[in-house]
Amino acid sequence: MDNYTDIIKACLKADQAAQKRFYHMFSDKMYGVCLRYAKDVDEAKDILQDGFIKVFTNLHKFTNRGSLEGWIRRIIVNTALERFRDKNYLFAVNMEMGYESGDQEYDHIINELSANDLLKLIQELSPQYRTVFNLYAIEGYSHKEISERLNIKEGTSKSNLSRAREILKEKIRKYDSVYINYM
Amino acid sequence: MNRENKHIDNVFRDRLGDIEISAPNDAWVNINDGINYSSKRNYAFLYKIAAAVAAITLIGSVYLLLSNTQINRNTKLISENILNTETENVNVVENAQITEKQILKQIPETKNDEIIADLYSDSKILNKSEITVEESNTLESYQSNNVVANNSLENKRKVNDIETLSTLPINFDFKVLQPELAISRKKESGKKNEFVQDINLLFALNTLEAENVEKENKRKWVIGGDFTPLYSYRSISKSNANYDAAYYNSVESPMMTYTGGLNLQYKAMNRLSIQAGVYYSSMGQSLDYMSVYSNKAYDMVAKEYKDRFVNSYEIDNSAGAISFKTSYVIIDELAARVNDMSSSKGFVNTADPIFQDLDAEIKQSFKYIEVPVILRYKLIDKEIDFNIIGGLGANFLIGNDVILSYGNTKEVIGETKGVAPVNYSGSLGFGIEYPLMKRIKLKLEPSIKYYLNSINSNSSVDSHPYSIGVYTGINYTF
Numbered sequence: 001m002d003n004y005t006d007i008i009k010a011c012l013k014a015d016q017a018a019q020k021r022f023y024h025m026f027s028d029k030m031y032g033v034c035l036r037y038a039k040d041v042d043e044a045k046d047i048l049q050d051g052f053i054k055v056f057t058n059l060h061k062f063t064n065r066g067s068l069e070g071w072i073r074r075i076i077v078n079t080a081l082e083r084f085r086d087k088n089y090l091f092a093v094n095m096e097m098g099y100e101s102g103d104q105e106y107d108h109i110i111n112e113l114s115a116n117d118l119l120k121l122i123q124e125l126s127p128q129y130r131t132v133f134n135l136y137a138i139e140g141y142s143h144k145e146i147s148e149r150l151n152i153k154e155g156t157s158k159s160n161l162s163r164a165r166e167i168l169k170e171k172i173r174k175y176d177s178v179y180i181n182y183m
Numbered sequence: 001m002n003r004e005n006k007h008i009d010n011v012f013r014d015r016l017g018d019i020e021i022s023a024p025n026d027a028w029v030n031i032n033d034g035i036n037y038s039s040k041r042n043y044a045f046l047y048k049i050a051a052a053v054a055a056i057t058l059i060g061s062v063y064l065l066l067s068n069t070q071i072n073r074n075t076k077l078i079s080e081n082i083l084n085t086e087t088e089n090v091n092v093v094e095n096a097q098i099t100e101k102q103i104l105k106q107i108p109e110t111k112n113d114e115i116i117a118d119l120y121s122d123s124k125i126l127n128k129s130e131i132t133v134e135e136s137n138t139l140e141s142y143q144s145n146n147v148v149a150n151n152s153l154e155n156k157r158k159v160n161d162i163e164t165l166s167t168l169p170i171n172f173d174f175k176v177l178q179p180e181l182a183i184s185r186k187k188e189s190g191k192k193n194e195f196v197q198d199i200n201l202l203f204a205l206n207t208l209e210a211e212n213v214e215k216e217n218k219r220k221w222v223i224g225g226d227f228t229p230l231y232s233y234r235s236i237s238k239s240n241a242n243y244d245a246a247y248y249n250s251v252e253s254p255m256m257t258y259t260g261g262l263n264l265q266y267k268a269m270n271r272l273s274i275q276a277g278v279y280y281s282s283m284g285q286s287l288d289y290m291s292v293y294s295n296k297a298y299d300m301v302a303k304e305y306k307d308r309f310v311n312s313y314e315i316d317n318s319a320g321a322i323s324f325k326t327s328y329v330i331i332d333e334l335a336a337r338v339n340d341m342s343s344s345k346g347f348v349n350t351a352d353p354i355f356q357d358l359d360a361e362i363k364q365s366f367k368y369i370e371v372p373v374i375l376r377y378k379l380i381d382k383e384i385d386f387n388i389i390g391g392l393g394a395n396f397l398i399g400n401d402v403i404l405s406y407g408n409t410k411e412v413i414g415e416t417k418g419v420a421p422v423n424y425s426g427s428l429g430f431g432i433e434y435p436l437m438k439r440i441k442l443k444l445e446p447s448i449k450y451y452l453n454s455i456n457s458n459s460s461v462d463s464h465p466y467s468i469g470v471y472t473g474i475n476y477t478f
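Quick note, the sequences are listed as chains A and B, same order.
Quick note: the first sequence uses my numbering, first residue 1, plus one each step.
Quick note: the second sequence uses my numbering, first residue 1, plus one each step.
Check each hint, because a few of them may be wrong.
[Unchecked claim] Straight line, CA to CA, 30 Å or less: simulated DSBU-like cross-link-like pairs of lysine-lysine:
#1 K6(B) <-> K29(A)
#2 K120(A) <-> K296(B)
#3 K153(A) <-> K39(A)
#4 K9(A) <-> K45(A)
#5 K6(B) <-> K144(A)
#6 K39(A) <-> K325(B)
#7 K39(A) <-> K296(B)
#8 K441(B) <-> K382(B)
#9 K382(B) <-> K296(B)
#10 K120(A) <-> K61(A)
#11 K6(B) <-> K153(A)
#12 K39(A) <-> K303(B)
#13 K441(B) <-> K267(B)
#14 K6(B) <-> K39(A)
#15 K158(A) <-> K6(B)
#16 K6(B) <-> K120(A)
#17 K144(A) <-> K29(A)
#18 K6(B) <-> K174(A)
#19 K29(A) <-> K13(A)
#20 K303(B) <-> K325(B)
If you're looking for bench data, these hints aren't it; they were derived computationally from the structure.
Just chain A, with the same shape it has in the complex:
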């Protein structure tokens, strides 16, 4: 923790060199987070920029009692969620046009996929599925927490997670196909 004390103090004094060092200490890791919540690199970059601006403007609130990286990560995730926070954004899709599930062919395929491939698959999800899948499967939030954060019902969170998984499986099986929700 003490490793960060000096640089935080320097950042709070608007020392631009310190701010730049601070940013580069966490930028690559946080950009990875942004890419998971975004549909493409442009959106990820926007989230990263907005998130780090919030980090710097709220740095005085950091209490030194927890993980600095975890604190930054929460701000970055919250920044990403602000884009998708409205429950109207998480509309239900026509379930009758969903995909069959239960096929386990993906098991051996998924092991062949690189991290970038998986990232691409996540980015191809619609925002609501991507957000819920990220929060539950990767960040480890419960459906209750997700429902509170996104202002949706728990049931909606569960169904969105289920649909996200199904779509991911289907995409893994038919990796070359692109499925997009349309009206």
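Put chain B on the given structure of chain A with help from the hints.
Leaving out everything else, chain B in the frame of chain A:
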């Protein structure tokens, strides 16, 4: 199933949970700008003020420079004419004064470089040491003045006697006379440099000109026509929905439209005019993050089956609910604006060759007939007028389309539901009027028009269209 779900969750968590990817190089620049904005903001504010002051100073300077240049040029001409005038034609009397009734006439001759000068006064009194001639005319009136000068070389004798005149302050009081009258008078006289003996003729000329000026001033009506490209967008003043202005601003964008029409002005006071008119104007916005695909199946099937490939659905945006009805497959890339009740919503495999990706634009277009009532105040009443303009207008909706365009194809694919049939707008601007001919002026008026009430009371947000343009047109005074 649970094992399968946990497996896929674990795979993604393990490989992506702590993934590190090099952040874009330029991201830090933007972040640095953002966090140090407050310290730069003061400078930016000062820069803006400095820029505004500089712009105003520049415009004022140019205007004054033009005016002074013209006046100086005229003064110089007069001085030269006086110096070049044969002094025997000038009745110089010591310790006397030129009265206000003195009239100088000048007609520059460019072809043979001959300027005929004729200085005269009703009192025949001219003092070479105390010449006081008041000027009250602008360049335009001055140029039409009737100073008849003789610039011939032979008329330079005795120039020393009046050379001192050029060093004295000279004010001119030109009674505006018509050039043709001066020429006529010249012909009548049949000689150059002849004094006017008949003071009654001068009074008559002055009276005639005064009547002309008065007649011009009595022209109170102006008719004009405009055509103007517009930058058109909207502002969101209030949101009752979960989406806010920032969201809509990220998924919608401005578009270029146009307006045109006729107007009639009435000069109610010396500097104040009231203007009314009838304008056709187009407003709107562009919808972003929409992918459009043509469906070849629609072209391939028999006519009676085509309806099956026409999609009907709604999406919500800041101007209200857009109702689409089209054979095109339109994908909301954000998957967020679609109305849950839309019937044609579903999944489509766009990799299927039956769909062809189109580089298309979707625009929401509203067409209005506008009846504005505008007050125009003439801040500067010179050769080039400067006006402040403000008013209100009633806008009657005559067109409400959602237009798909790609290549040379432009197709109406829907409309916006619940758009107010009448909307009221306020406008504010300033502009200049430049005389092209005696009664015809070119006007350039940068103005902004803002819709005072929301375009759609059914929309979840208050969306107020606005437009910015340089209104360009011609005015005719009668």
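Item to check | Contradicted hints - numbers only | outcome: Hint check: 9, 10, 12 fail, others pass.
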